[in-house]
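Chemist: On the provided structure of chain A, position chain B as indicated by the hints.
Protein sequences appear in the order of chains A and B. So in our numbering the end of the first sequence lands on 266, straight run, no missing numbers. So in our numbering the end of the second sequence lands on 375, straight run, no missing numbers.
Some hints could be false.
[Stated by the list, open to error] Pairs of lysine-lysine, DSS-like flavour, derived with a Cα cap of 25 Å: (1) B:Lys222 x B:Lys147; (2) A:Lys80 x A:Lys95; (3) A:Lys237 x B:Lys53; (4) B:Lys338 x B:Lys297; (5) B:Lys300 x B:Lys338; (6) B:Lys53 x A:Lys206.
Rather than coming from a laboratory, the hints here were simulated on the basis of the structure.
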Amino acid sequence: MKSIFLLHIRQIFRENDWILPLLLLVVASIIGSSLAPSNEDPTLRFSARTQTIWITAWLCSIFWVGFVSAKLGSSQRTKGLREFWKALGISDAGYFLSLLAIPVICNVLIFGLAGVLTFFVGHTPEVPVAEWAYVNAQAAFFAVLAQTSVMALIVALTNLLDIAPAFACGFLINLYGLYGIGAVDQVRSGKNPFLSKAAELLWTVSPHLHFADFLPRLTFGWGALPGKPFLFAGLYLVAVLILSVATGSRLWRFRRS
Amino acid sequence: MRTLILYIAAGAVAILGLSKAQWETWFPQNFARWNTFALRESGLGRMASRAMTKDADRSWHHGLTAPSRAEASNPLSRWIDQGVFSLGFQGRLVYRPPSKFPIRPSEVVEVLAKTEQGLSTAFTLDPGNYEAYDAYVMFLTTQIRETEFGSMDGKKEEGDDASSVKADDKKDAGGDDDDDFAAVQRFRKWEDQEQRRRNLRAVAVTDYAISRFAPNETDPERHLGLAMVYYNRFALLAPDVPSRKSSFIARRLFETQALQTAEKMKKCLQNAQSRQQGMIASGDWQNRSAARLSDYQQDEQMVEKYISVLYQSVINSRKLDGTNPASQMAWRAAVPSVPSRI
Chain A
10 MKSIFLLHIR QIFRENDWIL PLLLLVVASI IGSSLAPSNE DPTLRFSART
60 QTIWITAWLC SIFWVGFVSA KLGSSQRTKG LREFWKALGI SDAGYFLSLL
110 AIPVICNVLI FGLAGVLTFF VGHTPEVPVA EWAYVNAQAA FFAVLAQTSV
160 MALIVALTNL LDIAPAFACG FLINLYGLYG IGAVDQVRSG KNPFLSKAAE
210 LLWTVSPHLH FADFLPRLTF GWGALPGKPF LFAGLYLVAV LILSVATGSR
260 LWRFRRS
Chain B
34 MRTLILYIAA GAVAILGLSK AQWETWFPQN FARWNTFALR ESGLGRMASR
84 AMTKDADRSW HHGLTAPSRA EASNPLSRWI DQGVFSLGFQ GRLVYRPPSK
134 FPIRPSEVVE VLAKTEQGLS TAFTLDPGNY EAYDAYVMFL TTQIRETEFG
184 SMDGKKEEGD DASSVKADDK KDAGGDDDDD FAAVQRFRKW EDQEQRRRNL
234 RAVAVTDYAI SRFAPNETDP ERHLGLAMVY YNRFALLAPD VPSRKSSFIA
284 RRLFETQALQ TAEKMKKCLQ NAQSRQQGMI ASGDWQNRSA ARLSDYQQDE
334 QMVEKYISVL YQSVINSRKL DGTNPASQMA WRAAVPSVPS RI
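Chain A extracted, bound-state conformation (with noise of 0.2 Å):
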C-alpha cells in the first residue's frame, strides 16, 4: 500500500504541475486586494485577499485535484496496474485508500498554503491573531474533509467510467454540494407545501459541502465557528466522508478491463 502512495505521489510531483496551484495562490494573494476598490476604502484590501486566496484554492481543489484524482484512477486501468497489484495481494480497499491518500495530500497543501496564506496577508488588525488563526484552521480542515468526500466519488468512479465522465461527476457533485443546495434550503422555507416536503426530504439526503465553505465568513469576519456547531458540522462531515469512502471501495472491486 505505501509502495502504491509513493509511486502515485512521486509521479505527481515529477510531472510539476503542482506548480500552477501553487503559482496561483501567490499570485491570488498579491493581486487580491487590487480587485476591490481599496483605493477608496483601504480596510477592503485584506477581504479581497482573503476572498481571492480562497476562491482560488477552492477553484484549484475542485478543479486541479479533482482532474488528479479522474486521472490517478483511470491510470490503473489503462496501464494494466490494477493487474499487477492484484496479483501481488493487495486488497481492493487498501489499493484505493492508498490511492484516496495522494488528493487528500494535494488538498491538504492547497487549503493549508491558503490558509496559511490568508493568515499574513489578509488578516485585519482589529481581529486577534489567535481567533484569525482559529478560523483559517477550520476553514482548511472543513474544506479537505468535504473535498475528500468528493475526491473518493471521482476515483471510485474511474473504475466504471473514463476520465472526463469521472472528473464531471465529482464537479457536479461539488457545483451541488456548494451552491445548488442554496436553491433547496429557499424552496423548502417556501408556501408550496408539496414543494416544501420534496424540497426538505432533498436537502436531509443532499451533501452538504456548504458547510465547509467559510469564505463569507473569512471575508466578512464574522470570526471562528462557534464550539457546537463546528463539532455537529464536523462530524457530519466525517460521516459523509466514511459514506463515500465505502461507496468508493465497493465502486472500486476488481474487474477485468
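Modeler: For chain B alone, kept in the frame of chain A given last:
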C-alpha cells in the same frame, strides 16, 4: 453486512450532525445567502459586471435596468429574483451607497447611455407623442455640470459626504491633486464633445418628430404637441444672445425664425381648436377624463403663452439694434426658463 452497518451508523451520525449543526445560526440575521463566490460587494463581482456590459447590454447582468418585480409566489422564482437583484446595479447602490463610495465617471457615462437608449426607444415607438419627445429632448439638452463624484468646476462642496470621503482618502494617500485636476480636465473635454453630440441629436430628433407628424391627426393634443416641437426647434437653432448682440444678420435671422415659428404654432393651435370643436360636436370630448381635459387646457394656454413670448422676443431683439442695457434686462426678464439660448 458490515458495510450495511457502517452505512446505517454513518447515516445516523450524519443526520445527527445535520440536525445539531444549527446551520441557520451560522449567518447574521440580514445576510442574503445567495452570494456565489461572494460576488456581491466584491471588486471581483464588479469587474465581472463591467466585463459583461457589452454582451449583456439588455440583460440583468449589468443591472442598470431595474429588475422586474417578482409576481409569482413560487419560492424557486423568488430565489432566482433575489440572485438577480443582488448582482445588479441596485445591489451596488444598496451595498456601496454613493454617499460613502462615490459613483465613478465611467458609471455616470454608462447610466447616461442607458437612459438615452430607453428614452430613444420610447420616442421611436411613437414619434408623435409629445411626452416621449419632450423627455428625450430635455435629457439631450440638459447640461451635465454636477455629478455625484465631484464638481465640474473642481470645487468640492462643503459638507458633501462623497467629497469628504475622497478628500480623506487623498490625505491618507499623500494627496494627488494633479491626478484630480487631470481627471476634471478629461471629463470637461468629454463633456464638451458629448454636449455637441447631444445638441445635434436633439435637432435631428425634433426634425424627425415634425416629419413623422400625420397632417390628418384627429387628436387635438397632438397638434398642441407639434406646436411645442416647433418651438423647441426654434430654441435649438436660433442665434444665441452674444451673436445677436454682435451681428445684425443674426438679429434678422432670429426675427425671421421667430416669426415663422410663431405662425406655425398659431396654425397648430387653430388645427387643435378646430378638432376640439369637432370632438365636442360629436360628443367624444365629454368622454375624456377631467384630468385629461384639464391637461389640454393647460397645454393650450402654454402654447398661447409661448406664441406671445416669440413675438415679444422679436420686439426685444429689435431693441438690441440700439445698445441699451435696460432694454436687454427687460428682454431677459421676458424669456421663460426653458429656452435659455434665446
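Chemist: For each hint, tell me whether it holds in the structure or not.
Modeler: Taking the hints in turn, this is what the structure says about them:
1. B:Lys222 x B:Lys147: holds (21 Å)
2. A:Lys80 x A:Lys95: Satisfied, since the Cα-Cα distance of roughly 20 Å is no more than 25 Å.
3. A:Lys237 x B:Lys53: holds (8 Å)
4. B:Lys338 x B:Lys297: holds (14 Å)
5. B:Lys300 x B:Lys338: holds (15 Å)
6. B:Lys53 x A:Lys206: holds (20 Å)
When each numbered hint is compared with the structure, no violation occurs for any of them.
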